[in-house]
Amino acid sequence: MSEEDKPKQPQEPEGQEAPEAEEKETPTPSEPSSKSAAPEKAAKPAPPKAARKKVLSYEDLEEDTLLQKLKEKFSEHIFSAQSFLHQPIYTVSVDCLYDVMIELKDSPDWDFDYLVDLTALDYLGDDKRFCMVYHLYSYKHGKLIRIKARISEEEVVPSVTSIWKTADWMEREVYDLFGIEFSGHDNLKRILLPDDWHGHPLRKDYDIKLQDQAWIKKHLHIRKTPE
Amino acid sequence: MKAMEESTVLDAKVLELNMGPQHPSTHGVLRVKLKLDGERVVDAECIIGYLHRGVEKISENRSYIECVPYYDRTDYIAAVSNVYGFLLGVEAMMQIEVPKRAQYIRIMMTEFSRIASHLLWLATHAIDIGAMTVFLYCFREREEILKLFEALFGARLTTHAFRVGGLWKDLPPGFVEAARKFIDEFPERVDEYEQLLTKNRIWMARTQGIGVISGKEAIEWGLTGPVLRGSGVRHDVRKDRPYGGYEEFDFDVPVGENGDTYDRYLVRLEEMHQSRRIIQQVLDRLPDGPVRGKAPKIVKPPVGEYYSGIDGPRGELGYYIVSDGSAHPFRVRIRPPTFISLQVLRRLVKGHLMADVIAIIGTLDIVLGEVDR
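Note that the protein sequences, when read in sequence, are chains U and H.
In case it helps, my numbering puts the first sequence at residues 3 to 229.
In case it helps, my numbering puts the second sequence at residues 222 to 594.
If we strip away everything but chain U, and leave its shape as in the complex, we get:
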């Protein structure tokens, strides 16, 4: 990878600011509203707009039974439960992530037998840089939830392949594109990119124009064209 091939990335500062707003888990309701409403206000001063648009924000789930049950069992490892647009989000510690997942799948009260999706987010600049995101669905109860766990760059995430077989390729994809390692995954190697590629493209510090020039030279015999 060449260092000189790093043009400025216009929205990177925004990407860094956002996690701070989300990190506090209570984005001040005034901020998104002013942001989203500002261009409209300038365009046309329609009076019913304020009434029509309710400010969307994360709402804390206090009375949630799933949160209470999890808190009983895992106490301080469960950080919070929120909802955004009626989609519940549970933030847990990565230390007990595996146990929480087993509990969610095997307990007849929850029965989350279907791992819908598994992915990661990169909050570059934070102490805990990455955020693992799991979407779970229960066929029996018809409920969709999201589990989040923040990890730092060095931390290893427990693999959930032994709980849901479907996690196999999804974890390989996260490993490939984010460089997050999973412990207990028996075939953790790159899946979309070539095995000898360097770098993890979905990281925020990987510029969109960046390519592994050494790889391209070796395999495609294309020398980098002078700019």
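Keep in mind the hints are simulated off the structure, nothing from the lab.
Just so we're clear, the structure is a prediction, and the values are computed from it rather than from any experiment.
Certain hints may be false.
Claimed, not checked - List time: in silico EDC-like cross-link candidates among lysine to aspartate or glutamate, alpha-carbon distance up to 16 Å: (1) K437/H with D113/U; (2) K145/U with D101/U; (3) K142/U with D505/H; (4) K167/U with D505/H; (5) K321/H with D505/H; (6) K437/H with D108/U.
Start from chain U and add chain H according to the hints.
Just chain H now, kept in the frame of chain U:
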């Protein structure tokens, strides 16, 4: 073909054979490393990524509106539903109301796209197994649907079908009549395929008992759509988590019993009939009114995240959108149904003959553009 290292040429029992990436029955550039004992498959490994374009990375560097055409090109066989899933997510986050007429037309076009996608699947699946005639018949009907797409969207394949808040423009004159003509003739056409295949002894011998997976296991593997329903699990996102107005329409969710290639074939045929039913209802009840709601020129969802899942022709297609309040998505994760269902190939082909591998790849209905993104 090369013998495995641990055995000499004479006592070679297990052969390693590369199928693809350039192979007509892998539906794109899929490479399967097969380990064969005679004609039996001992093991198989999928190697993918040949079509990886980094759609998720590109999305982070484009505005929400500029993202949309890229999703046309992930699953290019059913481009209409791909765009639909993403826009539903953006509209939910922006709290944009889509007018009723636009909702109905969207549902109609999505179902047309499901029929077109299933027709292409049937055509290629049949030709893989050796039934040439069905291929030609299916393309005849698919052509009619693509003509409808062209009339409304101006494109046949990468349609860029919908816009934030509704549609680009209203139905062109003569569209409703043409759509009605198609759905009136369609059941007869499906009967023609059934005559050629459903009771055909060769077809039954090649598909029954091939690639069997139980409902419980299918859930464990995260299978969705017709592949899951073929195993007897009655799950459809359109029914269980209705979106975009689907709750107003009557349709059944067909399921299979044995979870084999034949049942998945029957499920998909029945799904085409059900899609036709939905289109019929849309045409009968199509309301008047605008086709585009009030949507701002610059799409800037508030800080937040949303998972929008729809039932595409190949299974649950999800978009997990994370917004940081700017005009570019912080992250768009596409949950591709075929990427997830392709990993079950290894489990399904074990113990089958090599010729069945082709039938099983066909029955999973993969699109490599979506697998690799």
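Taking the hints in turn, this is what the structure says about them:
1. K437/H with D113/U: Roughly 13 Å between the alpha carbons, so the hint for K437/H and D113/U holds.
2. K145/U with D101/U: violated (20 Å)
3. K142/U with D505/H: Given pair K142/U, D505/H is violated - Cα atoms ~35 Å apart, limit 16 Å.
4. K167/U with D505/H: This hinted pair is violated, its Cα atoms lying about 44 Å apart.
5. K321/H with D505/H: Measuring from Cα to Cα gives roughly 14 Å; hence the hint holds.
6. K437/H with D108/U: Holds. K437/H to D108/U sits at ~14 Å (cutoff 16 Å).
The structure shown violates the earlier hints numbered 2, 3 and 4.
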